[in-house]
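Chemist: Sequence:
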Amino acid sequence: IVEESSLLLYSMNRVLDLQRVLVIGYGVIGRAISEVMRRKRCEVVVLDKQPKLRQVAQEDGLAAVADLNVSDFDRVQLVFGATGSCSFTGEHLAAFLRSASDELILISASSGQAEFGETLSTLSSDGRPGLIDDSPVHWERAQCPYGSRWTSSYAQRPKGIIALANGYPVNFFRRDSESLPQCVADL
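Quick note, the sequence shown lines up with residues 11 to 197 if you use my numbering.
Please keep in mind that the hints were generated in silico from the structure rather than gathered at the bench. Given the structure is predicted, the values throughout are model-derived calculations rather than measurements. Glycine included, each C-beta is placed from N, C-alpha and C at the ideal position. Keep in mind that a hint or two might mislead.
Stated by the list, open to error - Derived CB-CB ranges, DEER-like:
#: 1; residue 1: R85; residue 2: A165; range: 15 to 21 Å
#: 2; residue 1: R49; residue 2: R167; range: 32 to 38 Å
#: 3; residue 1: Q65; residue 2: A165; range: 23 to 29 Å
#: 4; residue 1: R49; residue 2: A152; range: 30 to 36 Å
#: 5; residue 1: E45; residue 2: V75; range: 15 to 21 Å
#: 6; residue 1: H148; residue 2: P61; range: 15 to 21 Å
#: 7; residue 1: C154; residue 2: C96; range: 22 to 28 Å
#: 8; residue 1: S163; residue 2: A76; range: 30 to 36 Å
#: 9; residue 1: E45; residue 2: S163; range: 35 to 41 Å
#: 10; residue 1: E101; residue 2: E13; range: 38 to 44 Å
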């Protein structure tokens, strides 16, 4: 997952190393992603609802939180979803929009669009503006070789969200991936 993310980011002329990363879910996959990201000298923050898993993350030397606020997004560049369910909600999207950050990259490590489905649905509202803080926010979508990119303006500031692999698990996206490609997995 991390290697495929790195390759997709490289296609965008970006690197995975030295980023501030949010890992949502500290189960087997989230823990493995966090460890690899630390080896890439990233600052890793773990978001998990379960106190026991937050404790394990802290024992592993990571910052761990039960929920996010606006300031958490001020420096986060990458979000790995590793829960197997909806991990990045409308509340998280609103917090990102209110933050100082201008761009966020979403990376799924689980099945289908489970991790970011709610957010992607809001972003892809068929030209209808979504409501954030009771204010309409209209997103423009562009399809890119690495996934989808949405741009908007919020509080007169440009905002962008990139869903690597269109919000699907990154390890199935590229045709020459070492994992089973998405087009074969859909058969």
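Chemist: Now tell me, hint by hint, if it's right for this structure.
Modeler: Hints and how they fare:
Take R85 and A165: their Cβ atoms lie about 18 Å apart, and the range 15 to 21 Å holds. Under the hint 32 to 38 Å, the C-beta atoms of R49 and R167, about 34 Å apart, fit the expected range. The supplied range of 23 to 29 Å is broken by Q65 and A165, whose beta-carbon atoms lie about 37 Å from each other. Checking the proposed 30 to 36 Å range against R49 and A152 shows it holds: the Cβ atoms sit about 32 Å from each other.
Between E45 and V75 the CB atoms are about 18 Å apart, so this pair conforms to the stated range of 15 to 21 Å. The hinted range of 15 to 21 Å is not satisfied by H148 and P61, whose Cβ atoms lie roughly 39 Å apart. Under the hint 22 to 28 Å, the C-beta atoms of C154 and C96, about 24 Å apart, fit the expected range. At about 31 Å, the beta-carbon gap between S163 and A76 stays in the expected band of 30 to 36 Å.
For E45 paired with S163, a C-beta distance near 37 Å keeps the hint of 35 to 41 Å intact. At about 31 Å, the CB distance of E101 to E13 disagrees with the hint of 38 to 44 Å.
Of the numbered hints stated above, those contradicted by the structure are hints 3, 6 and 10, listed in ascending order.
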